[in-house]
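> The lines below spell out each chain.
There are 2 protein chains.
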Amino acid sequence: MPDRGPLNRDRIVAAAVALVDTDGVDALSMRTLAGRLGCAPMSLYNHVADKDELLTAMLEAIADEIEPPEPDREPLDAIRARAISTRDALARHPWAAELWQRSVPGPARTRLMEELLEMLARTDLSPRVAHHGFHAVNNHVLGYTLQELGMNMGDDPEKTARDFQDAIVADFPLMAAHIQQHLDGDTSRTFELVLDLILEGLARLDREG
Amino acid sequence: MPDRGPLNRDRIVAAAVALVDTDGVDALSMRTLAGRLGCAPMSLYNHVADKDELLTAMLEAIADEIEPPEPDREPLDAIRARAISTRDALARHPWAAELWQRSVPGPARTRLMEELLEMLARTDLSPRVAHHGFHAVNNHVLGYTLQELGMNMGDDPEKTARDFQDAIVADFPLMAAHIQQHLDGDTSRTFELVLDLILEGLARLDREG
DNA sequence: ACCTGAACACCGTTCAAGT
DNA sequence: ACCTGAACACCGTTCAAGT
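Heads up: the protein sequence lines correspond to chains L and B, in order.
Residue numbers for the first sequence follow numbering that gives the first Met the number 0, so the first one is 0 and each next one is one higher.
Residue numbers for the second sequence follow numbering that gives the first Met the number 0, so the first one is 0 and each next one is one higher.
You may find that some hints are simply not true.
Treat identical chains as interchangeable: a pair holds within one or across any two.
[Claimed, not checked] Taking lysine to any residue and the SDA-like style, the derived pairs with C-alpha atoms no more than 20 Å apart in a straight line are:
(1) 50 to 90
(2) 50 to 74
(3) 50 to 25
(4) 50 to 60
(5) 50 to 152
(6) 50 to 149
(7) 158 to 14
(8) 50 to 17
(9) 50 to 153
(10) 50 to 34
(11) 158 to 180
(12) 158 to 206
(13) 50 to 161
(14) 158 to 176
Treat the hints as calculated values from the structure; they're not laboratory data.
Sequences and hints are given; from them, build the entire structure.
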């Protein structure tokens, strides 16, 4: 059931995101994408320079899903909300985190970074600590999301986890126990907890110079 | 100048790592790799099941480069040293961080995780905080490395950074200033600083329950 | 047991030709 | 300005045949 109507850049990017959301990034080819859109493969090249530019445009579309900062909020609170919104957007599109740092950021991704720097500037953190804070928050969001999505691979994440657990329990008991903690579900707030640890750590670092 | 001698799994993996270190992960094909090794493409399949297994084996080889924990060290110090050694290994192989979470970990990568959990167990952190610490440290190492390598793209990283800076300075002044801080080189210890922030934050989190 | 040529079913992209 | 078929130079992998 190919979509019809006039071809344009936005329709191409939206179709590509939809395709990759369901079938994975390896399933994206210019030919299958054209099939979904009901056009010839080469028609796509009237709207995107090449596949790389398409992927960059797809990441920009994901960046646009992330909630803008709420200007009336306490800056550290706003940073916290932004981090959570970013994680949510990356979780909705499990392929995006892996590619997030692959190409030079476009306007949407650059705006995200500018906004985080703005929020940090509105805190009373020193410029030096704010610089580190920028990286600390970004590293956490990206690193956590990659780890979470890496664990949730395949059609049945729980089965994947249990199979891995069974395979390693003899040689790596602590890791098997760690996985059990995840399976027991009492770790769902790790992202927020570590985020708070970082935000409080920044404030403390600043106080001590 | 193809290497000669009998083909085996280790030679294939080593040649693949060398190829990808210099030419990037997109340059890795079974055909070019076979060319480097002086064998037919299909000969590789006598030693690896497919390209995916080869990539997994390459990541295992990188994991084996990471220094084992020094058992006589203070646990938090040992964790710190391990994090730095991991970052160094990933920096030597700029393609590896992107793939790190892509497939189910093999024995070498699982051993790394087990060892981190062992070091955490040797601290006096509560099991709950140790669980979060595992993720906090791993997220930071992976997230930081990805960010650092993302910035150092292309043949001339400094030129890439300056070009990006020029392109965005009008719309995103804070981001341009942030890049300037990197170009000035006074941010080289961000990785260790944020790492220490996390480790101290864990100890504090524990004290407060 | 290990190797390999030919073949199959794909890719991204160039180019020239259409409207 | 936008579309597209044919073609080019690649892929990963199967299979049957070699030693």
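> Run every hint past the structure and note whether it holds.
Comparing the hints with the structure gives:
1. 50 to 90: neither (23 Å within a copy, 27 Å between copies)
2. 50 to 74: neither (38 Å within a copy, 47 Å between copies)
3. 50 to 25: Both. Shortest intra-copy (12 Å) and inter-copy (13 Å) distances satisfy the 20 Å Cα cut-off.
4. 50 to 60: within (15 Å within a copy, 31 Å between copies)
5. 50 to 152: Classified as between: cross-chain Cα gap 18 Å, same-chain 25 Å, threshold 20 Å.
6. 50 to 149: between (24 Å within a copy, 19 Å between copies)
7. 158 to 14: neither (30 Å within a copy, 35 Å between copies)
8. 50 to 17: within (16 Å within a copy, 26 Å between copies)
9. 50 to 153: Close across copies (18 Å), not inside one copy (25 Å); limit 20 Å.
10. 50 to 34: within (15 Å within a copy, 27 Å between copies)
11. 158 to 180: within (15 Å within a copy, 46 Å between copies)
12. 158 to 206: Neither way: residue 158 and residue 206 sit 47 Å apart in one copy and 36 Å across, limit 20 Å.
13. 50 to 161: Close neither inside one copy (37 Å) nor across copies (25 Å); limit 20 Å.
14. 158 to 176: within (16 Å within a copy, 47 Å between copies)
Hint check: violations occur at hints 1, 2, 7, 12 and 13; the rest are consistent with the structure.
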